[in-house]
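K.L.:
Protein sequences appear in the order of chains A and B.
Numbering of the first sequence is given in my numbering, commencing with residue 5 and proceeding in unit increments.
Numbering of the second sequence is given in my numbering, commencing with residue 9 and proceeding in unit increments.
Calculated from the structure, these hints are not laboratory results.
Wrong hints could be hidden among the right ones.
With a Cα cut of at most 27 Å, we get these calculated DSS-like pairs of lysine-lysine [to be verified]:
#1 B/K20 x B/K51
#2 B/K20 x A/K64
#3 B/K123 x A/K157
#4 A/K136 x B/K123
#5 A/K64 x A/K136
#6 B/K116 x B/K136
In this text, all values refer to a predicted model and were calculated from it rather than measured experimentally.
Given next are the chains, with one letter for each unit.
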Amino acid sequence: MLTKRIIPCLDIKDGRTVKGTNFVELRDAGDPVALAAEYARQGADELVFLDITATIEKRKTLAALAREVASQVNIPFTVGGGISSVEDVQVLLHHGADKVSVNTAAFRDPSLLAALAREFGSQCVVLAIDTKQEEDGEWYVYLNGGRTGTGTKCIDWARQAVDLGAGEILLTSMNNDGTKKGFALSITALLSTELQVPVIASGGGGTMEHFRDVFENAEADAALAASIFHFKEIRIPDLKQYLAGNGVHVRL
Amino acid sequence: MSAQTQQVVIVKYNAGNIQSVLYALERIGLEAVVTDDHESIRKADKVIFPGVGEASSAMAYLRERGMDSLLVSLKQPVLGICLGMQLMCSHSEEGDTRCLGIFPNEVKKFNHGLKTPQIGWNNITGLKTTLFSGLPADPYAYFVHSYYAGLDTHTIAVTDYGVPFSSALHRDNFYGVQFHPEKSANAGEQILRNFIDL
Numbered sequence: 005m006l007t008k009r010i011i012p013c014l015d016i017k018d019g020r021t022v023k024g025t026n027f028v029e030l031r032d033a034g035d036p037v038a039l040a041a042e043y044a045r046q047g048a049d050e051l052v053f054l055d056i057t058a059t060i061e062k063r064k065t066l067a068a069l070a071r072e073v074a075s076q077v078n079i080p081f082t083v084g085g086g087i088s089s090v091e092d093v094q095v096l097l098h099h100g101a102d103k104v105s106v107n108t109a110a111f112r113d114p115s116l117l118a119a120l121a122r123e124f125g126s127q128c129v130v131l132a133i134d135t136k137q138e139e140d141g142e143w144y145v146y147l148n149g150g151r152t153g154t155g156t157k158c159i160d161w162a163r164q165a166v167d168l169g170a171g172e173i174l175l176t177s178m179n180n181d182g183t184k185k186g187f188a189l190s191i192t193a194l195l196s197t198e199l200q201v202p203v204i205a206s207g208g209g210g211t212m213e214h215f216r217d218v219f220e221n222a223e224a225d226a227a228l229a230a231s232i233f234h235f236k237e238i239r240i241p242d243l244k245q246y247l248a249g250n251g252v253h254v255r256l
Numbered sequence: 009m010s011a012q013t014q015q016v017v018i019v020k021y022n023a024g025n026i027q028s029v030l031y032a033l034e035r036i037g038l039e040a041v042v043t044d045d046h047e048s049i050r051k052a053d054k055v056i057f058p059g060v061g062e063a064s065s066a067m068a069y070l071r072e073r074g075m076d077s078l079l080v081s082l083k084q085p086v087l088g089i090c091l092g093m094q095l096m097c098s099h100s101e102e103g104d105t106r107c108l109g110i111f112p113n114e115v116k117k118f119n120h121g122l123k124t125p126q127i128g129w130n131n132i133t134g135l136k137t138t139l140f141s142g143l144p145a146d147p148y149a150y151f152v153h154s155y156y157a158g159l160d161t162h163t164i165a166v167t168d169y170g171v172p173f174s175s176a177l178h179r180d181n182f183y184g185v186q187f188h189p190e191k192s193a194n195a196g197e198q199i200l201r202n203f204i205d206l
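Throw the hints in and build the complete structure from the sequences for me.
P.N.:
Structure representation (structure tokens):
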């Protein structure tokens with residue numbers, strides 16, 4: 005049976021992990037490759053590297069990182085952050101990334117999704133959506149790391165993106181992100197049941213129960229988190245044991 | 009034959025994810041060569057035929073370069089991965105494509121009400137042949153695919169995704185796996201080692 009996936013996310017700046025980590029056993033907790041290998045060893049199902057470097061040197065650093073991860077980590081990984089062209093993706097895949105995630109650039113020019121799917125296949129095209137529930141109760145798309153509103157409903161953009169060739173949706177709720185009060189169940193469930201592609205829920209996971217909820221009550225295919233794993237508030241082996249004990253199919 | 013002295017080639021063609029296999033072999037201490045050179049492929053000790061992509065354009069590419077007849081004629085162990093395995097079957101629904109015919113299986117699209125592609129970790133069961141030596145029972149492997157080969161006498165691993173399908177096939181010197189051993193954690197690395205040790 006296909007299992008639900010647990011995905012740690014590493015924020016990267018200038019080739020280093022950004023948010024602090026609590027991995028005292030690692031000689032250098034800022035080294036994304038060492039951290040990634042440790043997560044793979046613990047049973048993470050996939051990894052996401054999100055690059056927040058804002059320079060033109062970015063692509064080179066990120067490609068070098070992908071190459072290093074690919075040669076040391078034996079699970080799939082996605083690279084995202086500022087990707088805006090077929091050439092960007094070509095370089096990252098050639099350096100060993102399994103998937104790329106696109107966000108703002110794809111919203112600005114949706115033909116990018118079609119071009120990427122045609123060139124590399126939908127299986128490696130992850131559409132990241134930052135979404136926020138506003139006072140009218142609807143969930144809208146935000147760009148540029150959540151700074152720019154669009155007025156477009158999340159479900160509408162997600163549907164269009166899947167039609168164009170997105171193979172997976174990485175859905176981050178801005179309302180929930182950083183709260184540790186649980187994932188956004190309603191919008192995750194809407195996308196997961198309406199779309200024919202897997203949905204990765206992100207933002208708000210703070211306890212093991214939150215992960216169970218998003219899998220059982222929102223039909224998420226995968227759940228992503230960052231600092232709760234980095235600071236060992238939740239250990240991946242414990243989380244997976246808990247989920248398995250509660251009837252959620254996970255890879256143990 | 010010890011692993012280090014073997015010449016391992018990865019078949020280069022118009023499909024994705026070829027580099028990932030190269031890097032996975034690097035992790036288990038093996039240098040491989042990515043090539044489309046017929047002579048290098050013919051004289052290699054082990055041939056890996058990987059790939060993620062679309063069946064009809066891949067077959068057209070292989071035929072234009074005479075690589076279809078080359079692959080079929082190989083005598084050393086050959087491992088097809090994902091699209092590579094599907095191309096080793098007789099026919100694929102994807103683009104109504106006649107394939108290499110090494111395995112008699114028909115490749116069909118998932119149509120059982122589950123999300124397509126299947127993306128993620130699933131069990132491989134009913135394991136046969138030494139390709140799967142030294143693995144725990146029903147290990148997990150990483151899959152990304154929309155098409156599958158049905159079960160028949162060549163099936164050496166079974167996975168269920170709405171329908172039971174061949175997650176691995178074997179005939180003579182040819183092996184095919186639908187999952188990605190290069191991305192399947194320790195189990196995947198063990199399978200790659202087993203292939204190299206054949």
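K.L.:
Evaluate each hint against the coordinates.
P.N.:
So, going through the hints one by one against the coordinates:
1. B/K20 x B/K51: holds (15 Å)
2. B/K20 x A/K64: Given that 27 Å is the threshold and the Cα spacing comes to 24 Å, the pair holds.
3. B/K123 x A/K157: Between B/K123 and A/K157 the Cα gap is close to 23 Å, so the pair holds against 27 Å.
4. A/K136 x B/K123: Judged against 27 Å, a Cα distance of about 26 Å means the pair holds.
5. A/K64 x A/K136: Answer violated: A/K64 to A/K136 is near 32 Å, above 27 Å.
6. B/K116 x B/K136: holds (23 Å)
The structure is inconsistent with hint 5 alone, although it conforms to all the rest.
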